[in-house]
Amino acid sequence: GAVVSQHPSWVICKSGTSVKIECRSLDFQATTMFWYRQFPKQSLMLMATSNEGSKATYEQGVEKDKFLINHASLTLSTLTVTSAHPEDSSFYICSAGRQINYGYTFGSGTRLTVV
Amino acid sequence: GESVGLHLPTLSVQEGDNSIINCAYSNSASDYFIWYKQESGKGPQFIIDIRSNMDKRQGQRVTVLLNKTVKHLSLQIAATQPGDSAVYFCAENINNRLAFGKGNQVVVIP
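Keeping their order, the protein sequence lines are chains A and B. In terms of the numbering used here, the first sequence opens at residue -2 and continues consecutively. In terms of the numbering used here, the second sequence opens at residue 811 and continues consecutively.
Chain B on its own, in the form it takes in the complex (with noise of 0.2 Å):
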């Protein structure tokens, strides 16, 4: 039979401009979080992660944000660039155990 519900959610974004990635969570006894990208046929990549006890860390280029209230994790991207088209998910870390959600997929458009 057809199979629904395969479609990512897709973000189409311009060259240079800023990304944001969101994510909801399902533990609130999640302690640590991590944004992966994933690139089609590759396993993924670790971006940037975040333990519970803070709600902003930045790296180069991407900044995570916690929101521990609503369960609530985001990436943002800045300057997006064509090599940044990829797949992205977030993942808890819940008893030493990485689950993942389900995955947005980034489109950068030149």
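This is chain A alone, in the form it adopts within the complex (with noise of 0.2 Å):
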């Protein structure tokens, strides 16, 4: 059980363009989603949570309006990076928690390229 599945695995895009992506927590029901972005050899630094109906929490220095969070279901939450530059290529990871459980499950990533 618990399996979180992201999607696309990877894409490539335009500088300029929108790319969406997203996370579904296949069997069960995620009250929260948090996503995640990775440079290379760095760990991961969270952008945002998003909780389920409600609007997402970023951290300090995340962009809201260029990375638009919507989990509209308790077992899907996208990512939207608007207007994306090159230095918006990262690979970025979803991950989906219970609300009684503490353990947080994670997707497989999607590696964005921005050309």
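Honestly, the hints are just simulated from the structure, not real lab data. Think of the CB as a built atom: it goes at the ideal place given N, C-alpha and C, for glycine as much as any other residue. It is possible that some hints are incorrect.
Stretch by stretch, here's where chain A covers chain B in the computed footprint (C-beta under 8 Å, at least three residues) [claimed, not checked]: (1) 850 to 859; (2) 898 to 907.
Taking lysine to any residue and the SDA-like style, the derived pairs with C-alpha atoms no more than 20 Å apart in a straight line are [as the list claims (entries may be wrong)]: (3) K38(A) to G851(B); (4) K52(A) to D894(B); (5) K38(A) to K881(B); (6) K852(B) to S6(A); (7) K912(B) to E56(A); (8) K912(B) to T75(A); (9) K912(B) to L43(A); (10) K912(B) to Q870(B); (11) K17(A) to K852(B); (12) K881(B) to I904(B); (13) K38(A) to K912(B); (14) K866(B) to S822(B); (15) K852(B) to S895(B); (16) K912(B) to S838(B); (17) K61(A) to M42(A); (18) K852(B) to S70(A); (19) K38(A) to D894(B); (20) K38(A) to K866(B); (21) K912(B) to S822(B); (22) K912(B) to E825(B); (23) K852(B) to K61(A); (24) K912(B) to H4(A); (25) K852(B) to K881(B); (26) K17(A) to K63(A); (27) K852(B) to T75(A); (28) K52(A) to R907(B); (29) K17(A) to K38(A); (30) K38(A) to V918(B); (31) K878(B) to N905(B); (32) K912(B) to W7(A); (33) K11(A) to K63(A); (34) K852(B) to W7(A); (35) K17(A) to T77(A); (36) K38(A) to S850(B); (37) K38(A) to S895(B); (38) K61(A) to G50(A); (39) K852(B) to K52(A); (40) K38(A) to N906(B).
Both chains are given apart, each in its own frame, so use the hints to dock them into the complex.
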């Protein structure tokens, strides 16, 4: 159990375009989902916490207008990178948690390359 | 410009030997800790967790030790295998937000 699916696994887009990444909990309801980004040989940096039905909570320094997060259902959260630039190229990873369980399950990540 | 500090600490270990990976965490209020394994190009994979009311927990071939006095966490892997080669991260749970440590690369030498 506790499977999190992330899609797409990789994407290449042109500068100025927007890209949407999906994160789904397949066999449980995730009241909370988290979005991270990871640069090569670095740790995961928490970008934002999204709770179903409410606005996401962004970490300091993360532009909420650039990284749009939607958590419309208990099984789906999306991250949209708007007006992407080459410096947004990174590995984006989501994770999902259950309300009564401290465990967090991670998706397989999305490699975004902006050209 | 050239970036510095992008090399992860690396532990090279002979196959069959035990590995010990250390982590210093930041917040004395953290109540839950997790060790994750991350292989190249993949998301983190749960290894073992421990709550702050414990100082040791064992799993299959892995043991986590928690020293709250010095805010230190360690992961011991017994009889390390080639499949254990990966980057290992400790993470601490603060108010239901999971913050990751810097990571340690483990390279298993056959």
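To see whether the hints hold, each was checked on the structure:
no., hint, in the structure
1, 850 to 859, "holds (count 7)"
2, 898 to 907, "holds (count 4)"
3, K38(A) to G851(B), "holds (11 Å)"
4, K52(A) to D894(B), "violated (39 Å)"
5, K38(A) to K881(B), "violated (24 Å)"
6, K852(B) to S6(A), "holds (9 Å)"
7, K912(B) to E56(A), "holds (18 Å)"
8, K912(B) to T75(A), "violated (26 Å)"
9, K912(B) to L43(A), "holds (13 Å)"
10, K912(B) to Q870(B), "violated (24 Å)"
11, K17(A) to K852(B), "holds (19 Å)"
12, K881(B) to I904(B), "holds (14 Å)"
13, K38(A) to K912(B), "holds (9 Å)"
14, K866(B) to S822(B), "violated (24 Å)"
15, K852(B) to S895(B), "holds (13 Å)"
16, K912(B) to S838(B), "holds (18 Å)"
17, K61(A) to M42(A), "holds (15 Å)"
18, K852(B) to S70(A), "violated (25 Å)"
19, K38(A) to D894(B), "holds (18 Å)"
20, K38(A) to K866(B), "violated (29 Å)"
21, K912(B) to S822(B), "holds (17 Å)"
22, K912(B) to E825(B), "violated (24 Å)"
23, K852(B) to K61(A), "violated (26 Å)"
24, K912(B) to H4(A), "violated (26 Å)"
25, K852(B) to K881(B), "violated (28 Å)"
26, K17(A) to K63(A), "holds (12 Å)"
27, K852(B) to T75(A), "holds (19 Å)"
28, K52(A) to R907(B), "holds (16 Å)"
29, K17(A) to K38(A), "violated (24 Å)"
30, K38(A) to V918(B), "holds (18 Å)"
31, K878(B) to N905(B), "holds (17 Å)"
32, K912(B) to W7(A), "violated (24 Å)"
33, K11(A) to K63(A), "holds (16 Å)"
34, K852(B) to W7(A), "holds (11 Å)"
35, K17(A) to T77(A), "holds (4 Å)"
36, K38(A) to S850(B), "holds (10 Å)"
37, K38(A) to S895(B), "holds (15 Å)"
38, K61(A) to G50(A), "holds (17 Å)"
39, K852(B) to K52(A), "violated (28 Å)"
40, K38(A) to N906(B), "violated (25 Å)"
Hints 4, 5, 8, 10, 14, 18, 20, 22, 23, 24, 25, 29, 32, 39 and 40, counting from the list given before, are not met by this structure.
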